[in-house]
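A.B. asks: The chain contents come next:
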Amino acid sequence: MIDYIERLNEDYRFCEGLKACMNCGMCTAICPAAAVFDYDPRKICQIMQKRDNALTEQLLASDMIWYCGQCIGCRTRCPRNNTPGYIIQALRKVSLQTGLYLKSAEGRKQIKIAKTVGENLLTKGYCVDIDLVKPEMHPEQGPMWEWVYANRESVCNRCGGNYHGDGAGAQRKLSDETKKELFAILRETGGESLIRKIQNAE
Amino acid sequence: MIESSQWHKYQKEIPDGPFFFVRSCIRQTFSMGAEAMLQKILKEYLGLKVYEDPRHTCCTGIAYHTDIVPIETSMTVIARQFSLMNEMGYEHLLVSCITSFGMYNEILALWKEYPEKLEEARKNLYKATGRTFEVPKSVIHTSDIIYKYRNELAAKMKYKLVDCNTGEPLRMADHVGCHYAKIFPMKGVGGAEFPQVLSGLAEPWGARWIDYTERRHCCGFGFRHYLLQENRGYSITHSKIKFESLAPHNPDLIVTNCPGCNMFLDRWQYTIAEMEGRTYDKFGHGIPVVSYEELAALLLGENPWDIGLQMHQVQLETLMDKIGIPYDESKKYLGKDGEYIGKPDTPEILLV
Numbered sequence: 001m002i003d004y005i006e007r008l009n010e011d012y013r014f015c016e017g018l019k020a021c022m023n024c025g026m027c028t029a030i031c032p033a034a035a036v037f038d039y040d041p042r043k044i045c046q047i048m049q050k051r052d053n054a055l056t057e058q059l060l061a062s063d064m065i066w067y068c069g070q071c072i073g074c075r076t077r078c079p080r081n082n083t084p085g086y087i088i089q090a091l092r093k094v095s096l097q098t099g100l101y102l103k104s105a106e107g108r109k110q111i112k113i114a115k116t117v118g119e120n121l122l123t124k125g126y127c128v129d130i131d132l133v134k135p136e137m138h139p140e141q142g143p144m145w146e147w148v149y150a151n152r153e154s155v156c157n158r159c160g161g162n163y164h165g166d167g168a169g170a171q172r173k174l175s176d177e178t179k180k181e182l183f184a185i186l187r188e189t190g191g192e193s194l195i196r197k198i199q200n201a202e
Numbered sequence: 203m204i205e206s207s208q209w210h211k212y213q214k215e216i217p218d219g220p221f222f223f224v225r226s227c228i229r230q231t232f233s234m235g236a237e238a239m240l241q242k243i244l245k246e247y248l249g250l251k252v253y254e255d256p257r258h259t260c261c262t263g264i265a266y267h268t269d270i271v272p273i274e275t276s277m278t279v280i281a282r283q284f285s286l287m288n289e290m291g292y293e294h295l296l297v298s299c300i301t302s303f304g305m306y307n308e309i310l311a312l313w314k315e316y317p318e319k320l321e322e323a324r325k326n327l328y329k330a331t332g333r334t335f336e337v338p339k340s341v342i343h344t345s346d347i348i349y350k351y352r353n354e355l356a357a358k359m360k361y362k363l364v365d366c367n368t369g370e371p372l373r374m375a376d377h378v379g380c381h382y383a384k385i386f387p388m389k390g391v392g393g394a395e396f397p398q399v400l401s402g403l404a405e406p407w408g409a410r411w412i413d414y415t416e417r418r419h420c421c422g423f424g425f426r427h428y429l430l431q432e433n434r435g436y437s438i439t440h441s442k443i444k445f446e447s448l449a450p451h452n453p454d455l456i457v458t459n460c461p462g463c464n465m466f467l468d469r470w471q472y473t474i475a476e477m478e479g480r481t482y483d484k485f486g487h488g489i490p491v492v493s494y495e496e497l498a499a500l501l502l503g504e505n506p507w508d509i510g511l512q513m514h515q516v517q518l519e520t521l522m523d524k525i526g527i528p529y530d531e532s533k534k535y536l537g538k539d540g541e542y543i544g545k546p547d548t549p550e551i552l553l554v
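Top to bottom, those sequences are chains A and B.
Going left to right, the first sequence walks through residues 1 to 202 as the numbering used here numbers them.
Going left to right, the second sequence walks through residues 203 to 554 as the numbering used here numbers them.
Please keep in mind that the hints were generated in silico from the structure rather than gathered at the bench.
Note that the structure is predicted; figures quoted are calculated from it, not measured.
Backbone N, C-alpha and C define an ideal beta-carbon position, used for all residues, glycine too.
One should not assume that every hint holds.
Said to hold, decoys possible - Which residues of chain A face chain B? A partial, calculated answer using Cβ under 10 Å:
#1 Arg13
#2 Glu16
#3 Cys24
#4 Gly25
#5 Tyr67
#6 Lys112
#7 Asp129
#8 Pro139
#9 Met144
#10 Ala168
#11 Ala170
#12 Gln171
#13 Thr189
To be verified - Only pairs whose alpha carbons sit at most 20 Å apart, straight line, appear in this in silico SDA-like list of lysine to any residue:
#14 A:Lys180 to B:Lys329
#15 B:Lys533 to A:Asn151
#16 B:Lys538 to A:Asp131
#17 A:Lys109 to B:Pro272
#18 B:Lys251 to A:Ala168
#19 B:Lys339 to B:Tyr247
#20 B:Lys533 to A:Asn157
#21 A:Lys180 to B:Arg333
#22 B:Lys251 to A:Gly160
#23 A:Lys109 to B:His419
#24 B:Lys319 to A:Arg187
#25 B:Lys329 to A:Arg187
#26 A:Lys115 to B:Asn433
#27 A:Lys19 to B:Tyr316
#28 B:Lys538 to A:Asn162
#29 A:Lys115 to B:Arg434
#30 A:Lys179 to B:Lys329
#31 B:Lys329 to A:Glu188
#32 A:Lys134 to B:Ile543
#33 B:Lys538 to A:Asn157
#34 B:Lys314 to A:Arg187
What the hints assert, rightly or not - So the derived label-pair ranges between C-beta atoms look like this:
#35 B:Ser447 to A:Ser193: 41 to 47 Å
#36 B:Ala311 to A:Arg51: 24 to 30 Å
#37 A:Met137 to B:Glu531: 26 to 32 Å
For reference, chain B alone in the conformation it holds in the complex (with noise of 0.2 Å):
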């Protein structure tokens, strides 16, 4: 790994817990089983302790970067979750998601460096709600946590990043979400230039991580622009550009760490290959794209129907055939009760 000796210094304090976990608004429309699986790790594999409260809420991120609300009611719905954390006796807070995990670190910040607005929240708060807050003792994402036991959990995994027919370690290539340490990269394992938490899986689980020119470049998000339709080309655009940058490394899959960019790198796959005929592997299938729980639940042995893999549009199973993981296609598309909930149509130009 490239490594500039000066970014050694951006590693972080990672807690062991316990955890007052608080979901991705984005990550449970398109990863729905994702959460569920993460948690499942931490508790069942790794025994650590981690609360979900339901009276938690979305953190407001979307609208505060698409500019309809104020950061005053930001900071205020953030005050409320710690809020929360504080009534059950938690201090440390793990976010699921890059967009709320680059707010409560700017709501920090900002109450550090103005604590009149820190003043303000808490006025807000007690006003609107009656509650008073502490604020955490740490803030961590979930993708820090597997970082940090990626070994223990390497210990427990049934299959490795490891070409069943050839023996020789896949290309994992990686892409960490613009949020997690470009604003604050003290925040991030390695920083904005050369983060860690992805591709320092990659050893461990048996793959070989590859660099790529575009490897920092955004997935082309922009928040607004995805949001308007007449937009998107903005977000296309992005993705294309780290596609075309990936494509000659061959990568075997693309591990993320941000909701919005698992998805955007996934179905912006598709949209390309419909529109330009293009696919960025050698077979037509496409790049897999999925997050660091996924791929650790899919190391583990978990089903991976029940970890919500067949909502990719860039199907899972070319890579599942590269490791040798077994799996039912029969039950690919059942419902919750068993029963089979029928199947999608078949992209014209992608193979599925």
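Here chain A stands alone, though its shape is the one from the complex (with noise of 0.2 Å):
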């Protein structure tokens, strides 16, 4: 078996994230979702401050690593400073390694991600970019949205942009020199592999 634990000690957020829980349930408390998911901050902290690595393994396959939404508001409230936020993308950034991620339905929404949003930073250097935002797939952005998505460029040019234009101002093309060091950072950085990795996984 992969020693899980010594591989997440290398993640300075994982060492930094669990330093002494004492079990309160600040984070439980004020975790938005521990609000909405069958998912307890809490006892995220509990299970690796054992240090079990066949219970890790099982977190790492697991859906509980996947409902946590990053907002890092644990961090501010736990009395002990551990940010159990942290913990989860020490997990992840494991998981995804591993490929454990694969064993379960909300891991597996990363292929998701990484052909959306991935593939938008490694093709037009944004990781949110207009013209990903498509109505049919964003109802909730409501009839206003159809009609801004609609007239993109004239109306992002009314209010000072610079849609798809050389040089500075909002919704502007990166130059190609631009890319080019971007994209030579994320090849570099293991981004654009993990990226692609997580594309390839079907």
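Hey, can you piece these two chains together into the complex? The hints should help.
C.D. replies: Right, here's the structure in full:
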């Protein structure tokens, strides 16, 4: 079995996130994810505090680590300066490295994110881009967004923007030289390979 | 304002520039006029020096918080922004996005605590781009600047947040983005528990600030949860928690400093109205949601349609009518060359 605890200990977020949990439950009380999912950040701290490799493997393959919304409000309130949200980030990293995320339904949803946000970052250089927010995928955006989306160049430029233009301004196109540098960073630091690995996991 | 004295220490030094400005990919998508208007306010109304380098990029914060890129990628992209800033001779970074603001603060804290990660960023950046960098003297959120100059701006404003018919102050609620101060409370004006960065605008701009139980609750973005269509129940639930907490206080407006929160608190009011027939004001229009720079521009007398206020789903006319701000409805749906480009459909429940 992989030594998951050793891998987690290599991540500063795990070390900073879990100091000494006294099981008070403050994090769970204020956690938005705990309010809507079968999720309990206190339980995450309790499991990880045991440093049990088999239990950790179960956690890495479960839905539970994918419920956190990373508001990081737990960091503010913990009386012992733990940050369950950081522990979650470290657990997700190991789950993605080892492929255990594919064993959970919530984990497998990473594939969709890699295909949307990830693809956008690898091609346009933006995580979020107006062209990606298609009204048919976003009914909650309302009829106003349908109008904005249909007229995005005109509306953007009326408000001082620079839709797909050269130079500065909202919605500007990144120059070839800028994209070359950004994409080189994504390659050099493992960002591109992680996105591609998740995209191709199906 | 209810405040604990211990939170008075959560104040920060806010320089007066010159600033190296970095955009928000969310704000430039959903509030396309806001950052242009912000720059106009800083440059033309306050005389500050602000530079936007077209070579800067997305900080990768959304990819980082959805776990599809490692922190090594984000810290190197951020190192490149610093390199550009150094190259152009600036020392103060001015950040439009709250997610980005959290990212910059986190990376700087990481490098301070773990100097080997700073060296790794230097090595990665040089290998990928040939660039070197030094860290900035300060990282400031754009709402910090508006807060700092709130009184100077108030003196230049044509309008106040006052009901033009009754003379009563309007009731202003605030919502501060989670990553403004919940990760690093010392980096936010008033910290995480008693944030002043928006509530502090109320009095000088004429309003009465109203507290509400769920003031500090997340808007519900939840990164992956909103980006995954099937998980959006998470997102709308938390905005609804906030609206239910707010409604008894009869707010005239909600002011935000996070581009995502600004959009969610606007759009989810539409969605809740269409799903449940519930609106959160007395007359069925919803509660107007504006960012600090949209509000400042409106009160300074800028044309609401140049600010981009027509792009809000909860329309701003009710707020402008209360204040007595004139607007030309016939110019609301004009394109960049003054041509009429059609108008949006009308929601079934939410009044526009």
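A.B. asks: Of the hints stated earlier, which fail here?
C.D. replies: 3, 4, 19, 23 and 34
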